[in-house]
Amino acid sequence: MQALAVSLSYLIYDLICCQFDKRVSIDNTIHHLVSIVGMAAGLVYRKSGSEMIAALFITEISSPFLHLRELLKELGYRDTDLNLAADISFAAIFSFARMVVGPYIAWLTLTADNPLIIKAMALGLQLVSAYWFYKIARMLSYKLTKRAASKNLVCADKGASAANELAKLIPVTVKGCVVIFHLSGPVLSTSNKSSSELKIKFRIIYPWDLLITHELRKLITILPL
Numbered sequence: 001m002q003a004l005a006v007s008l009s010y011l012i013y014d015l016i017c018c019q020f021d022k023r024v025s026i027d028n029t030i031h032h033l034v035s036i037v038g039m040a041a042g043l044v045y046r047k048s049g050s051e052m053i054a055a056l057f058i059t060e061i062s063s064p065f066l067h068l069r070e071l072l073k074e075l076g077y078r079d080t081d082l083n084l085a086a087d088i089s090f091a092a093i094f095s096f097a098r099m100v101v102g103p104y105i106a107w108l109t110l111t112a113d114n115p116l117i118i119k120a121m122a123l124g125l126q127l128v129s130a131y132w133f134y135k136i137a138r139m140l141s142y143k144l145t146k147r148a149a150s151k152n153l154v155c156a157d158k159g160a161s162a163a164n165e166l167a168k169l170i171p172v173t174v175k176g177c178v179v180i181f182h183l184s185g186p187v188l189s190t191s192n193k194s195s196s197e198l199k200i201k202f203r204i205i206y207p208w209d210l211l212i213t214h215e216l217r218k219l220i221t222i223l224p225l
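Counted from 1, the sequence shown has number 209 at position 209 by our numbering; the numbering is strictly sequential.
Be careful, since some hints might not be right.
[What the hints assert, rightly or not] If you anchor each label on the Cβ, the simulated ranges turn out as follows:
id: 1; residue 1: Arg147; residue 2: Leu71; range: 19 to 25 Å
id: 2; residue 1: Tyr104; residue 2: Leu71; range: 42 to 48 Å
id: 3; residue 1: Lys146; residue 2: Pro115; range: 42 to 48 Å
id: 4; residue 1: Lys22; residue 2: Tyr104; range: 33 to 39 Å
id: 5; residue 1: Lys143; residue 2: Ser50; range: 34 to 40 Å
id: 6; residue 1: Ser50; residue 2: Lys22; range: 25 to 31 Å
id: 7; residue 1: Leu66; residue 2: Gln2; range: 25 to 31 Å
id: 8; residue 1: Leu127; residue 2: Gln19; range: 20 to 26 Å
id: 9; residue 1: Asn28; residue 2: Glu74; range: 17 to 23 Å
id: 10; residue 1: Ser63; residue 2: Ile26; range: 15 to 21 Å
id: 11; residue 1: Asp113; residue 2: Arg23; range: 38 to 44 Å
id: 12; residue 1: Ala92; residue 2: Asp27; range: 17 to 23 Å
id: 13; residue 1: Asp113; residue 2: Pro64; range: 31 to 37 Å
[To be verified] List of simulated lysine to any residue pairs, SDA-like, C-alpha gap at most 25 Å:
id: 14; residue 1: Lys146; residue 2: Ala92
id: 15; residue 1: Lys119; residue 2: His67
id: 16; residue 1: Lys143; residue 2: Cys17
id: 17; residue 1: Lys143; residue 2: Phe96
id: 18; residue 1: Lys73; residue 2: Cys17
id: 19; residue 1: Lys47; residue 2: Val101
id: 20; residue 1: Lys73; residue 2: Thr29
What the hints contain is simulated information worked out from the structure, not anything from laboratory work. These numbers come from a predicted model, not from an experiment. Don't be surprised by glycine CBs; every beta carbon is placed ideally from N, CA and C.
Please put together the full structure from these sequences, using the hints given.
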C-alpha cells in the first residue's frame, strides 16, 4: 500500500505538470485520472493491491524507451537508424506489456470480488492502453513506410545517375550536324613573357554520319543542321 500511495502522489503531480504543457493531451489526461481514481479506490478499500502494483509495472516498463525517443529528437537524431530502433523497441515492449499482460491483469481484477469503481478503472485503463496501441501501430507503420520509400528513392536516383554516366561513355552516331571544335594551348606573350591560354573555336559542317566517342565528346559541341 505504501508503493500505491507514493505512485498516487506522483501521478497527481505529473497530471498537474502536464496541464502546463504547450499542448494538453486529452488521452494522457484521461489515463492519469483513471489511474488516480483507481489507486485512490484501492487505498480506501484496501483491495487489489497486488493487481495494481503489477499494472504499474507493466504500464511503466516501456517508459524509458518513450523518453529515449524524445531525447534523441532533442539531440538532433530524428529520422535516424538510432531513433527508429528506439521507436521499434518502445512499440514492441508497449505492445507486449499492455496488450498481452495487461488484459490478463484486467480480467483478474474484473472477475475478483472488488468494488465496482475498481473494476471500472481497470477496464478504463485497458481501453486507454488499447487506444494508445492503435496510435503507436499507426506511427510505426508510417515511419517504416516512409523509410522504405526513402530508400527506394535513393536507389532510383543512384540508378538514374549510373545510367546517365553509362550513356555518356557509349558512342553515338549523329547523321548530319555542325561540329564546333574547342582547341586550346599555352601561348608565350612577348610583352611580359608570361604564358596564357589561347582558345580556338571553329565549325565544320559534317553532312555524313559522325561517330561521337566519349573522348571526342569532351572536345566538341554538336549542333543540328
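- prompt: So which hints don't hold here, by number, going up?
  reply: 2, 6, 15 and 16
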